[in-house]
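So the protein sequences, as listed, match chains A and B.
Residues 8 to 136 in the working numbering are what the first sequence lists, from first letter to last.
Residues 750 to 1010 in the working numbering are what the second sequence lists, from first letter to last.
Hints are computed from structural coordinates only; laboratory data are not their basis.
Heads up, some of the hints might be wrong.
[Claimed, not checked] Computed beta-carbon distance windows for the label pairs:
#1 B:Gly-832 to A:Ala-91: 31 to 39 Å
#2 A:Ala-127 to B:Asp-941: 31 to 39 Å
#3 B:Val-946 to A:Leu-90: 51 to 59 Å
#4 A:Ser-121 to B:Trp-942: 53 to 61 Å
#5 A:Ser-29 to B:Pro-879: 30 to 38 Å
#6 A:Gly-131 to B:Leu-924: 37 to 45 Å
#7 A:Pro-62 to B:Thr-769: 35 to 43 Å
#8 A:Ala-93 to B:Phe-911: 46 to 54 Å
#9 B:Ser-1005 to A:Ala-127: 39 to 47 Å
#10 B:Pro-879 to A:Gly-99: 48 to 56 Å
#11 A:Arg-117 to B:Ala-770: 26 to 34 Å
#12 B:Leu-884 to A:Pro-67: 24 to 32 Å
#13 A:Pro-67 to B:Val-946: 51 to 59 Å
[What the hints assert, rightly or not] A few chain B residues that face chain A, going by a derived Cβ cut-off under 7 Å, partial list only:
#14 Thr-780
#15 Arg-784
#16 Ile-787
#17 Gln-788
#18 Ile-795
#19 Thr-843
All figures in this text were calculated on a predicted structure; none of them were measured in a lab.
Using N, Cα and C, we set each Cβ at its ideal position, and we do this for glycine too.
Now for the letters of each chain:
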Amino acid sequence: MHHPWLFAATMLASIFAMGGTSMLYAAAMMLSRNSAVYGNFLSFPIYILSGVMVPVSYLPDFLEPLSRLVFLSWSADLMRDSLAAASVPNAGWRLLVIIGLGATGLVGGRVLLSAVLRRAREQGAWTYA
Amino acid sequence: MRDQLRVLKHSAIASWAEFTAFYTWKTWTFTWLSRLLIQVCFYALIGRMIGSVDYLLVGNAVAIMAIDACVVILLAIGERRSGTLSLMVAAPSTHLTIYLGRGLIHLVSGVVASVTAFLVLPPLFGVHLPWPQALLVPVLITAVGLSCYCYGACVASFVLGFPAARWLALNISYLTLMTFCGVNVPTDFWPDWVRRVVSFLPMTHGLTAMRALIANGPASTVVTQVVLELLVGAAWFALAAVGFNRMVRRGRRDGSIEFGA
Chain A
8 MHHPWLFAAT MLASIFAMGG TSMLYAAAMM LSRNSAVYGN FLSFPIYILS GVMVPVSYLP
68 DFLEPLSRLV FLSWSADLMR DSLAAASVPN AGWRLLVIIG LGATGLVGGR VLLSAVLRRA
128 REQGAWTYA
Chain B
750 MRDQLRVLKH SAIASWAEFT AFYTWKTWTF TWLSRLLIQV CFYALIGRMI GSVDYLLVGN
810 AVAIMAIDAC VVILLAIGER RSGTLSLMVA APSTHLTIYL GRGLIHLVSG VVASVTAFLV
870 LPPLFGVHLP WPQALLVPVL ITAVGLSCYC YGACVASFVL GFPAARWLAL NISYLTLMTF
930 CGVNVPTDFW PDWVRRVVSF LPMTHGLTAM RALIANGPAS TVVTQVVLEL LVGAAWFALA
990 AVGFNRMVRR GRRDGSIEFG A
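Throw the hints in and build the complete structure from the sequences for me.
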């Protein structure tokens, strides 16, 4: 590993972004009574869009911009670059993008969660099980 | 026999009612079917990257059916947990018919998903299916599906005593098929002893038949491999029957047949 500090920073930023994104998904899942099917659906699209297993360049052109909205695509690229000997271009900015996407998810998730909880209170939709 | 078929019909109707309570046609299409199609795309993209798109696309288009077929493991255990086993033991039919009927709708779902994958995805990835042989694809998928379903039922019969392990059993069951039965790597890749074991697993022969069909291989190879696939399925069916009977006998002996879990 040629850039261990960058790798570690990317890992930390990715963990934060994962938490933020999960918050957004969790809040969105609360909108459905059948959230398991939506949760099950998400895994493979994210594997594909993130370019973790297959580079994004193998995807159809129209999907490439969409993959830039998935924090994992930035994380995977930056981690791969941090393993190489060459200097990593725009490392700081790329880290900021990961953190920014995570923060967006966190804020969006928080707002959505509040809205979902408020709606449930107003409609009396809470149950004990 | 007529009674058994009647019970099987009602078991399948119960399965349908449960299925439609969980899925609408929209949620099935846009979450489950599309999830399976995207899974095939994922592996086909890996195939494109390593120059083996035909192999991975065909293998995974068949393999997604195994996921649905193996869901019978969850449903059979759910049936027992709902406390119906004691009533089944007292009923004029055998419990085997009911357990086997519980997942039939998922078998149909798997076959539809797999056929859809063969209809939609090959053109997207530039894979050519020979015509009119491609018309036999649904038949081969159904044969593999039946075989996988019997395999799932057999696993269910042995996991019934350990309901907490049902998800583990489901995942291990279909991942075993996806790993060893020629889905992503040819069975030749594995050592001889693994290959011998794999020839007794469902999907191995059915997938060989499918690949032979798509490659315009000899009809005798296709027919032989389909027959072998069905024989393997029949063997798993027999094992499932033994497993379910063993579970009931043990339950009668030690009083572990419960009214609810």
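Exercise. So which of the earlier hints does this model not fit?
Worked result: 1, 2, 3, 5, 13 and 19
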